[in-house]
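K.L.:
If you want the building blocks of each chain, they are given just below.
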Amino acid sequence: KAGVTQTPRYLIKTRGQQVTLSCSPISGHRSVSWYQQTPGQGLQFLFEYFSETQRNKGNFPGRFSGRQFSNSRSEMNVSTLELGDSALYLCASSPGTGVSEQFFGPGTRLTVL
Amino acid sequence: QKEVEQNSGPLSVPEGAIASLNCTYSDRVSQSFFWYRQYSGKSPELIMSIYSNGDKEDGRFTAQLNKASQYVSLLIRDSQPSDSATYLCAGSNSGGSNYKLTFGKGTLLTVNP
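Sequence lines, in order, name chains A and B.
Going by the working numbering, the first sequence opens with residue 1, and the numbers climb by one from there.
Going by the working numbering, the second sequence opens with residue 1001, and the numbers climb by one from there.
Any given hint might turn out to be false.
As the list claims (entries may be wrong) - One side only, chain A facing chain B, incomplete, derived with CB under 8 Å:
| # | residue |
| --- | --- |
| 1 | Gly28 |
| 2 | Ser31 |
| 3 | Leu43 |
| 4 | Glu48 |
| 5 | Arg55 |
| 6 | Gly105 |
To be clear, the hints were calculated from the coordinates, so they are not data collected in a lab.
Quick caveat, the model's predicted, so the values are computed rather than measured.
By construction, the Cβ of each residue, glycine as well, lies at the ideal position given by its N, Cα and C atoms.
I would like the entire structure built from these sequences, with the hints used as guidance.
P.N.:
Next up, the structure:
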């Protein structure tokens, strides 16, 4: 099975811009979770989608949003970028029912200048 | 108490030794537990999951869960230089949000040849 794919792998933006990141889960997986990883805060949960519905949400401002499509692919959007949004954004794929093992994609490295 | 806490390390062991990584958790994180390995510049890779009290072995890795004491550990036997990485402990939240993983800050392990 192919693994989790994320695009783009690297992104450079300036403050105030917005960005959209994409994630394709493992075939057959219906749950997609998004995490932000920074050196200071570590890995922090953003949100989780299952069957096109947001099922869980972390403690991030409303500038962070996401959605999931009927084919389970997911996008996350960050509006009005701030310098502190520079991070590695990771998408994780899971079957969505039963065990909660999550498998990560390679991540998108976002740099905000 | 933080939801998931790990020994901050770094931990250094000689090749062939046993590396012991520890993690404690709060009541809010009590369903399932996972150990991920993250090489520098890469995304986390799931290496072990454990759901019930006791030990679970997979090759050179043994995960231990003690729900009464609220700790999880990972033992790596016959450590190899290729085991040098950051190890992340994660727990899934109770109350139905079991696809929201809470991560510790990670322990950097160095295995010296």
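K.L.:
Hint by hint, note whether the structure agrees.
P.N.:
Okay, the hints, checked on the actual structure:
1. Gly28: Hint violated; Gly28 of chain A Cβ to chain B Cβ min 16 Å, cut 8 Å.
2. Ser31: Given a least distance of 6 Å, the restraint on Ser31 of chain A holds.
3. Leu43: The hint holds - Leu43 of chain A has a Cβ within 8 Å of chain B, the shortest such distance being about 4 Å.
4. Glu48: Holds, because the Cβ-Cβ distance from Glu48 of chain A to chain B comes to roughly 5 Å (cut-off 8 Å).
5. Arg55: This hint holds: Arg55 of chain A lies near chain B, its Cβ roughly 7 Å from the closest one there, short of 8 Å.
6. Gly105: Since chain B brings a Cβ to about 6 Å from Gly105 of chain A, closer than 8 Å, the hint holds.
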